[in-house]
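Keeping their order, the protein sequence lines are chains A and B. Under our numbering, the first residue of the first sequence is numbered 1, with each subsequent residue one higher. Under our numbering, the first residue of the second sequence is numbered 1, with each subsequent residue one higher.
Please keep in mind that the hints were generated in silico from the structure rather than gathered at the bench. The beta carbon of each residue, even a glycine, is placed where N, CA and C say it ideally should be. Treat the hints with care, as some may be off.
Distance ranges between label pairs, derived from CB positions [to be verified]:
(1) B/Ile175 with A/Ser17: 36 to 46 angstroms
(2) B/Glu540 with A/Ser17: 17 to 27 angstroms
(3) A/Ala68 with B/Ala431: 13 to 23 angstroms
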Amino acid sequence: MNKNTKHHDPEALRNHSYDGIQEYDKKLPNWWLFTLYGAMVFAAGYWAYYEWTGHMLPGYESVEQKVAEFQKNMNANGAAPTDAKLCEMSNDPAVVASGEKIYVTNCLACHGADLKGGIGQNLVDATWLHGGTPTDIYNTVSTGVAAKGMPTWGPVLGASRVAEVVAFLISKNSTIERTAP
Amino acid sequence: MKTKTIEYNDLVVRQFLIASVFWALVAMLIGVLIASQLAFHVLNFDTSWLTFGRLRPLHTNAAIFAFVGNMIFCGVYHSTQRLVRTRLASDFLSHLHFWGWQLIIVGAAITLPLGLSRGKEYAELIWPLNIGVVFIWVVFAINFFWTLAIRNEKSLYVAIWFYIATIITVAMLYITNHLQIPTSLLHSYPIFGGVQDALVQWWYGHNAVAFFLTTPILGIMYYYMPKAAERPVYSYRLSIVHFWSLVFVYIWAGPHHLLNTALPEWLQTLGMIFSVMLWAPSWGGMLNGLLTLRGAWNKVRTDPVLKFFAAGVTFYGMATFEGPLMAIRSVNAVSHYSDWTVGHVHGGTLGWNSFMAAGMFYWLAPRLWNTKLFSTKLADIHFWLGMLGILLYIASMWVSGITQGLMLNAVTPEGALAYPNFLEVVNSTQAMLRMRILGGVLFLVGMVLMAYNLYRTIRSGHPAVASIEVQVPEEPPKESLTLLGGFLNPPVIYSFLLVIFGAGWGFAQGMLSTISLVLLVETALIAMIHMGVSGQKWSEWYDKLLESWLPFTVLTFLAVAAGGMIQILPTVFIKQTAGADAPLQKVYTPLELAGRDIYVREGCYNCHSQMIRSLVGDVLRYGKSGRLTESVYDFPYQWGSKRTGPDLQRVGGKYPNIWHFQHMMDPRSTSIGSVMPNYPWLYTQVTDIPALSSKIRVLTSYGVPFPPRSPADIRQSCIDQGQRITEDLASGGIKISPDKEIIALIAYLQQLGKYDDPTAAPAASAAPDISAAPANQKQAKSH
């Protein structure tokens with residue numbers, strides 16, 4: 001087909017008509033050819049780069065590594081707080097308010113608007129099944145209780161939000177032993 | 001030579017036209033309803049057969065197979081008769097085709113709301129209906145190819161090429177994706193499971209878009225657009241280049257629906273790069289359509305037919321640019337599972353399919369009924385309402401889709417989710433969901449105006465009798481090329497070699513790959529030089545090919561089959577075992593299997609995925625990303641394609657039983673602001689335990705290692721497991737009998753994401769010795 005382009009008359013019609021439909025035989029637009037070849041070159045390059053040069057696509061190994069790093073950094077940054085720190089936070093109205101917000105969106109459905117429980121446990125009485133110190137509660141929220149269907153909130157909420165929601169719980173439960181900073 | 005008068009069979013064309021308009025209204029009405037359900041959950045009416053999960057398959061199937069299907073048959077039958085100058089080969093087959101297809105649609109409209117579903121998107125119809133579809137499709141194929149065989153126009157026009165590609169490719173895709181073994185009269189399991197099923201499903205699903213919603217419509221464009229514009233087609237050689245490149249490239253792109261999942265990496269890469277390469281071939285069709293309007297643009301202002309065509313082709317161009325974009329891995333990380341995909345597909349179905357259909361109907365109706373269009377003004381109003389409707393629809397879905405994608409992936413500097421509560425994301429897009437309803441309603445109103453306009457047009461006329469005089473030779477003409485002649489010629493041989501060497505370069509290793517590359521470049525150079533010298537001869541050969549329908553069809557089939565072979569066969573036929581350290585899915589207990597079938601029946605996969613992608617946001621939110629070996633026993637796979645609700649792959653054990661019990665009764669009691677329907681009937685209906693024996697028998701034949709159990713054992717196992725759940729519920733003050741469906745569903749949900757850890761328990765680590773078990777990605781590809 002290329003040959004006859006040299007003396008190609010762009011306005012010439014092919015000498016055949018189908019039910020009255022005629023066809024020009026115009027040259028392919030250059031910009032269109034460029035996208036066609038460009039995409040092919042890109043495809044070959046992309047394949048070669050990712051399949052052969054060891055530049056693996058970010059598979060699950062690297063993603064899980066990254067998530068693990070997040071966890072490590074969170075702990076290293078001292079975000080895992082002490083009893084004293086959590087108690088101190090529970091006295092800060094701003095922290096408690098944001099803790100309450102987190103509670104309402106994530107915890108309320110199971111533990112109730114009045115914190116007296118429902119699907120989940122009562123949070124305003126003196127009974128703590130998994131330890132009643134502020135850090136115990138922090139750990140319970142963070143790692144969850146698989147056997148009882150308490151989700152693992154640590155990676156979802158992050159350390160500081162878990163701390164805030166625990167601070168909110170402390171502010172609501174007078175039975176929790178306060179530790180002075 | 002003798003002269004013969006031929007009367008076209010336009011009766012079947014008129015029938016398909018009316019059926020298409022009718023089903024379009026039905027499909028879009030259901031569309032508006034389910035769009036409203038997503039914004040206002042009460043519209044699910046607590047009624048099983050009106051729930052989103054059951055109606056959404058009805059909407060998609062009705063839009064694709066009923067509305068566009070009938071439109072295709074209408075256009076194909078009308079234009080083919082004229083393009084090959086003969087009457088359809090068989091009146092009987094034409095009738096059978098029409099009534100058979102409508103019967104299947106009615107069957108679908110009854111079975112889907114009843115929850116009779118195969119649980120695979122656009123492939124939900126149950127097996128008896130599948131057989132009906134294949135049968136009618138074969139009737140269509142026979143009628144069509146027989147018509148070609150007795151044609152009075154030697155050469156095949158480009159529209160016919162696209163029809164040929166449609167018929168053979170849809171047959172190939174549909175049959176492969178519907179291979180299944182029945183467990184009862186109304187239920188079956190697909191023979192593919194897990195990743196294989198995912199791959200086959202999207203090979204089918206993506207190419208349903210390609211060869212049901214695109215190629216036949218391109219053929220229709222090539223006939224009706226130059227007819228309506230009364231202008232020659234822009235470029236014959238562009239037709240050739242974009243036809244062959246489109247049919248060859250399209251079929252490879254399916255895996256872009258599975259990016260960032262557990263699908264082997266090389267398949268993801270192939271899916272992405274072929275999607276990018278699809279851009280130019282698609283735009284070739286758009287260009288040839290739009291440039292055909294050169295010199296006729298003044299008519300576009302006044303003629304509603306051309307208005308619809310011009311806009312339809314433009315939307316086609318937009319959607320086929322958006323598609324490759326969304327197939328890029330990093331873009332897909334945002335767009336996948338979100339409303340963006342929904343917007344994208346409606347850009348295609350509303351913008352391209354519906355507008356092309358409208359243009360064709362407005363052009364055809366006056367001609368088929370020998371009258372004038374009732375109202376041009378009304379058609380204009382339809383156009384602008386439709387246009388506004390589409391734009392509102394797409395724009396709102398862009399905004400909500402990108403919002404969802406960005407919010408769900410967002411991570412705080414600390415390394416936690418920025419929006420930990422999924423419902424926060426759901427509720428942030430409510431305004432857009434309402435705007436989408438408005439868009440849909442506007443579009444539907446436009447379609448109602450069209451139906452009325454066509455009704456009045458038809459009433460004002462009478463069925464036209466169309467005939468032509470043709471010169472018929474005494475002897476039936478021979479095809480210009482034999483089958484062998486179709487193959488043994490330079491262009492085909494070069495193409496074949498280029499594909500072989502290309503695959504050799506891409507897939508082989510070391511020396512072999514280098515040699516392939518050298519040969520690839522060399523062949524390309526030789527081919528170019530050869531074409532420079534003998535281009536004229538090649539073009540004469542192609543002219544001859546166009547006079548030979550069988551070689552043309554076989555070549556088209558080879559072009560479309562190549563991609564599927566290379567992508568699917570390796571995962572299907574290579575006997576593979578899971579890696580030693582791969583987490584192996586647990587075999588379902590009978591009760592869990594029953595629960596899974598309820599999950600499939602209710603269409604949960606329409607809103608929930610079961611595939612945690614290898615993305616930080618996904619892993620933080622849902623846990624460890626999904627592995628191939630975790631769904632080997634899933635027939636059908638349930639990875640899903642949309643997250644209106646959260647992913648469920650590892651939801652097992654995340655919440656207590658009582659949470660699920662209350663959540664399914666009233667999702668808002670546990671998830672404030674949820675848009676999920678209530679499922680009250682699960683609390684009264686009894687689990688179908690007797691059906692389990694034959695279900696387990698079929699799955700066992702697929703290689704799922706169920707322990708041998710008698711029907712009595714199965715029943716006992718269900719009762720025991722059910723009782724454990726009801727006892728647990730009783731401790732929370734809930735009384736329910738263990739034979740209710742909700743108990744089976746809870747059993748299934750609580751098991752999701754559970755696997756045998758082969759490193760921990762050696763007894764359970766026996767690698768699955770079934771050919772269906774996919775390899776992990778390192779084994780599937782070794783370089």
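### Query
Does the Cβ distance between B/Glu540 and A/Ser17 fall inside 17 to 27 angstroms?
19 angstroms, holds
### Task
Using the beta carbons of B/Ile175 and A/Ser17, state whether their distance is inside 36 to 46 angstroms or not.
37 angstroms, holds
### Cβ distance range 13 to 23 angstroms for A/Ala68 and B/Ala431, holds or violated
38 angstroms, violated
Going through the hint list in order, the structure does not satisfy hint 3, though it satisfies all others.
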